[in-house]
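Novice: Residue numbers (the numbering used here), protein chains in the order written: chain A, 1 to 842; chain B, 1 to 109.
Just so you know, not all the hints are guaranteed correct.
[Said to hold, decoys possible] Here are the simulated lysine-lysine pairs, BS3-like style, with alpha carbons at most 30 Å apart:
no. : chain 1 : residue 1 : chain 2 : residue 2
1   : A       : Lys-262   : A       : Lys-144
2   : B       : Lys-61    : A       : Lys-334
3   : A       : Lys-476   : A       : Lys-654
4   : B       : Lys-92    : A       : Lys-471
5   : A       : Lys-654   : B       : Lys-92
[As the list claims (entries may be wrong)] Over the 12 Å line for every Cβ pair with chain A, so calculated as not near, a few chain B residues:
no. : residue
6   : Asp-43
7   : Asn-77
8   : Ala-88
9   : Pro-90
10  : Ile-93
Don't read these hints as lab results, they were simulated from the structure. These numbers were taken from a predicted model, which means no experiment stands behind them. Beta carbons are placed, not taken as given, at the ideal position from N, Cα and C, and that holds for glycine.
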Amino acid sequence: MTKMKLVMVGNGMAGVRTLEELIKLEPDLYDMTVFGAEPHPNYNRIMLSPVLAGEQGIQDIILNDLEWYQQNNITLHLNKKVVRIDRNKKIVYADDGTEAEYDRLLLATGSNPFILPVPGKDLEGVIGYRDIQDTNAMIAAAAKYKHAVVIGGGLLGLEAANGLALRGMDVTVVHIMPWLMERQLDLNSAKMLQTSLEAKGLKFLLEKQTERIVGTSTLPPLQGEGRGGDGLNGADIPHLHPNLPPEGEGASSNRVTAIRFKDGTEIPADLVVMAVGIRPNTALAESAGIHCNRGIVVNDTMQTFDPSIYAVGECVAHRGVTYGLVAPLFEQAKVCANHLARMGIARYQGSVMSTKLKVTGIDLFSAGDFTGNDQTDQIVLHDVAGGIYKKLVIQADKLIGAVMYGDTKDGSWYFQMIRDGKNVAEIRDHLMFGQSHLGDIGHQGQSSAAAMPDTMEVCGCNGVCKGVIVKAIKEKGLFTLEDVRKHTKASSSCGSCTGLVEQLLASTVGGAYTPTLNATKPMCGCTELTHEQVRQAIFAQTLISIPQIMQTLEWNTPNGCASCRPALNYYVLCAHPRIAQDDPQSRFINERAHANIQKDGTYSVIPRMFGGVTTAKDLRRIADVVDKYNIPTVKVTGGQRIDLLGVKKEDLPKVWADLDMPSGHAYAKALRTVKTCVGSEWCRFGVQDSTQMGIDLERALWKMYAPHKVKIAVSGCPRNCAESGIKDVGVIGVDSGWEIYVAGNGGIKTVVAQFLVKVKTHDEVLEYAGAFLQLYREEARYLDRTVHYVERVGLEYIKQRVVEDAANRKALHARLLYALQDEKDPWKKDNVRAREFEILSI
Amino acid sequence: MNTWHKVSTVDEIPPLGARVVTTAQGDIALFRTADNEIFALRDKCPHKGGPLSQGIVFGKKVACPLHNWNISLEDGNAVAPDVGCARAYPVKIEEGVVYLGMVEMAEVN
Ligand code: SRM
Ligand SMILES: Cc1cc2nc3c(=O)[nH]c(=O)nc-3n(C[C@H](O)[C@H](O)[C@H](O)COP(=O)(O)OP(=O)(O)OC[C@H]3O[C@@H](n4cnc5c(N)ncnc54)[C@H](O)[C@@H]3O)c2cc1C
Ligand code: SF4
Ligand code: FES
Chain A
1 MTKMKLVMVG NGMAGVRTLE ELIKLEPDLY DMTVFGAEPH PNYNRIMLSP VLAGEQGIQD
61 IILNDLEWYQ QNNITLHLNK KVVRIDRNKK IVYADDGTEA EYDRLLLATG SNPFILPVPG
121 KDLEGVIGYR DIQDTNAMIA AAAKYKHAVV IGGGLLGLEA ANGLALRGMD VTVVHIMPWL
181 MERQLDLNSA KMLQTSLEAK GLKFLLEKQT ERIVGTSTLP PLQGEGRGGD GLNGADIPHL
241 HPNLPPEGEG ASSNRVTAIR FKDGTEIPAD LVVMAVGIRP NTALAESAGI HCNRGIVVND
301 TMQTFDPSIY AVGECVAHRG VTYGLVAPLF EQAKVCANHL ARMGIARYQG SVMSTKLKVT
361 GIDLFSAGDF TGNDQTDQIV LHDVAGGIYK KLVIQADKLI GAVMYGDTKD GSWYFQMIRD
421 GKNVAEIRDH LMFGQSHLGD IGHQGQSSAA AMPDTMEVCG CNGVCKGVIV KAIKEKGLFT
481 LEDVRKHTKA SSSCGSCTGL VEQLLASTVG GAYTPTLNAT KPMCGCTELT HEQVRQAIFA
541 QTLISIPQIM QTLEWNTPNG CASCRPALNY YVLCAHPRIA QDDPQSRFIN ERAHANIQKD
601 GTYSVIPRMF GGVTTAKDLR RIADVVDKYN IPTVKVTGGQ RIDLLGVKKE DLPKVWADLD
661 MPSGHAYAKA LRTVKTCVGS EWCRFGVQDS TQMGIDLERA LWKMYAPHKV KIAVSGCPRN
721 CAESGIKDVG VIGVDSGWEI YVAGNGGIKT VVAQFLVKVK THDEVLEYAG AFLQLYREEA
781 RYLDRTVHYV ERVGLEYIKQ RVVEDAANRK ALHARLLYAL QDEKDPWKKD NVRAREFEIL
841 SI
Chain B
1 MNTWHKVSTV DEIPPLGARV VTTAQGDIAL FRTADNEIFA LRDKCPHKGG PLSQGIVFGK
61 KVACPLHNWN ISLEDGNAVA PDVGCARAYP VKIEEGVVYL GMVEMAEVN
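Here chain A stands alone, though its shape is the one from the complex (with noise of 0.2 Å):
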């Protein structure tokens, strides 16, 4: 059978990032061509403001070498632009008559910058600022000239005064508008801005306005149109680019020379940058009928009105919306390759977008709407001194957009809230003063990524650099966290420096990187389903089994990966309890293992010692089994309990059964410990029997798998000597009953436990907590803790459903309780299973 045949016009970052995505879901199913105008494979656009600053050279921003193009088998015109696609052969014909036939045909022109059309525009010396070829012209001036001015105070020119600022040369900036930035900055943060940059050494003129540019002679310039508006032109072939002053030569004829207001002012100029805007190239679509406003049309699957014709990257219009950032376009090039590969699920809506000014030493940060409306709430911290300023914009208990300049650790934070349109009313108090304040003990020292030294360690478990997170960002084009996560090994393990490593991405990327859309994200690499709705399905249609759910929700790998299985296997379990079977080979190797794994290759064994209590027969049993099993360490555990380390596996069974003691779930997402204080049997200050009270929530709740691991500590006064203001369900006595606490975390990041509801008797104790935690079980994603669930569904939301209404919470208890009746004690001899423990050998 034939291949059936996809061209690609425009070899830039949506195009190549599509047909990236689409290798990955089906590498055979095209044959594919790319043209392109530029005369490179494709490389990181953004990057070259580095590359001007002379921070990188333009080999370290190719982000696709050739060899790229030749594993996937892609036919590559490079240096050809497509002058006319005929929609009725479907062959596409290229400046030098190449041409090509396609089946599907997906346009990704890019955009051309706006060229102000001022007399003296087409001079020598006159730029936009896109590519390559541009920022050699401009690096080639910086070495010949003095006098460069740029045209336009936004993103992109600054980027390009500073540049070549620190190429030496004298630059002055031109903006129309009264301040800096207006499109992403405010009044009060552009000033701030616009007084670092001038100490930088650039200058600025607002509020002027261009009139013509000036030559050194009056002669009418020789070329026609520049690179304005019309991307059709074949004079725009790289080596005959008549912006490039010609090899040796002095400054010749027709140069520029100066630059003349509408004030009648005028200023020195041997270089004019223009960057005021960008036009979406739609001119080769339009030159085919298909229909462009703005940009070209698409829908919700980046089609055309030519349902063969596909479009991504800012050439479209989607919605009415055009996007000149390349997240956005990353999000169309995913949805775009899932519809060429034929799955036709994934649908783009539009995206929010945040920015990020790429000049060293400058930390700004902006996304959403931060103007604001007579609908919307301030919060602004304004510190002239200090050089910080931060605006956040709140409708609705909802966090709609923020700016920040001087301090934008939390850019990424607020971002996120944005996107997932959070409930910010419980944290509003707080939200200003950023993460941080939230509690976040493992980084506290280090909170500004951008102001670290580049030898200073990000990632504590991995050992992993700051230099070497922003290298291999830059150098491999890595644009998500979870890319970094992939290539550095940063934050891959307990995760709590990803906020740094967020900040990273977004100084190193500028406005590139955004964080992942929490509702939608899917589980995993191997469904588009989130987890929620992986979940509901397992519910409703009463899918009992790991390989039926792949199969019904139809996952796109035979069975699976190390992430998705123990999830499902839990969903299954919880959903389904005493019907699902449980399947070990989906666990992780502790809860197979009933034993923590240690690094070279040992367990270790936590027997249950029901609330910190224990007695002289276990304690002499444990010290038997030590000794027969030559147990190398004993150690007493933050949790109240004894651990034993260095066991080999196939000792395991062995050991359980001598010690005849219950397993204490230490590896396992599950119930781990109660822990205790003496409470009012024994301590002076004692109100009520914690000891017991946290016996027997342990007895009662021992064998309960969970979607992580579950703590739960009884004190018994408010002295709180068990610690249960950081556990995910704390109690504490008082002189008339009890106080329940949830969703505290004493892990990774310490959060303080939640007030739920004061009760009077034991068994409401039982009763609500139990309640909870079912509420959490049935809920929250795998591999959340209390606290990460309730930040998500809101302590509120919990209340209602735990506290208000007496009739669902004695059901959720109920549903508890029947899931536990058949637990087993996974130490018990009867249930080992022997197999796992038996060596083989030859």
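The hints should help you fit chain B with the ligands onto chain A, whose structure is shown.
Specialist: Structure of chain B with the ligands alone, referenced to chain A:
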């Protein structure tokens, strides 16, 4: 020269699971895929020596239990971007019996 050693039956290895064989050349992990193919790798992750036999098997790969590197069962190579290789051993199955091919120690030395 490979010598074939009878080590197990297919049934003795759980589908999407593994068994460990101790040998004079160190531990070797025997993996069984969902399609009942059997593969053998040195039971030592190229990253920091984690016991691959204890990992989760999916497709023709295993995820190391220590830091989650993915290792290809067919040739022992780490899946990109990680780089490294666990030694792979030949396996043959005859009438449900699994034979492991090993070069004798004398020849290795
Ligand atoms: C043994 C122990 C340390 C000790 O010697 O005291 C321990 C050991 C481990 N902890 Fe812990 N944690 C131990 C108490 C704690 C505590 C304190 C507590 O429970 O009171 C905390 C903070 C409280 C909390 O969880 O909120 C704690 C927070 C963590 C975390 C971070 C969890 C989080 O959500 O932030 C991890 C990582 C994880 O689970 O992903 C972790 C993970 C681990 C693992 C399982 C690492 C691993 O994946 O292999 C360690 C296993 C060692 C082993 O083989 O035994 N351990 N760990 C403690 C066992 C308590 C017990 O009796 O069961
Ligand atoms: C200096 C600079 C800095 C930037 N910084 C950032 C930043 O920090 N963050 C951010 O998110 N974005 C940034 N951007 C914007 C980002 O680079 C663009 O949004 C992105 O590259 C657009 O991708 P695209 O594929 O749509 O277009 P492009 O990458 O422009 O690719 C289009 C390609 O198509 C070719 N082409 C056009 N017509 C034809 C034809 N008829 N035949 C053949 N080929 C054709 C063009 O030559 C071009 O190579 C920056 C841009 C520049 C110029
Ligand atoms: S026991 Fe806990 S804190 Fe200690 S090294 Fe292991 S995971 Fe880290
Ligand atoms: S030892 Fe295998 S991933 Fe680290």
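Novice: All hints, please: hold or fail.
Specialist: Hint check:
A distance of roughly 29 Å separates the Cα atoms of Lys-262(A) and Lys-144(A); the hinted pair therefore holds under the 30 Å criterion. With a CA separation close to 26 Å, the supplied pair Lys-61(B) and Lys-334(A) stays within the 30 Å bound. Of the pairs offered as hints, the one joining Lys-476(A) and Lys-654(A) is violated, with about 50 Å between alpha carbons and a cut-off of 30 Å exceeded. Proposed proximity of Lys-92(B) and Lys-471(A) is contradicted: the alpha carbons are some 45 Å apart, above 30 Å.
A distance of roughly 34 Å separates the Cα atoms of Lys-654(A) and Lys-92(B); the hinted pair therefore is violated under the 30 Å criterion. Interface exclusion of Asp-43(B) from chain A breaks down, the closest Cβ pair being 8 Å apart, not more than 12 Å. Look at Asn-77(B): its CB is around 16 Å from the nearest CB on chain A, clear of 12 Å, so calling it non-interface holds up. With a least beta-carbon separation of about 17 Å from chain A, Ala-88(B) lies farther than 12 Å from that chain, consistent with its non-interface assignment.
Non-interface call for Pro-90(B) relative to chain A: holds, since the shortest CB-CB distance, roughly 14 Å, exceeds 12 Å. Once the 12 Å rule is applied to beta carbons, Ile-93(B) is consistent with being away from chain A; the minimum gap is 15 Å.
Against the hints set out earlier in the document, violations occur for numbers 3, 4, 5, 6.
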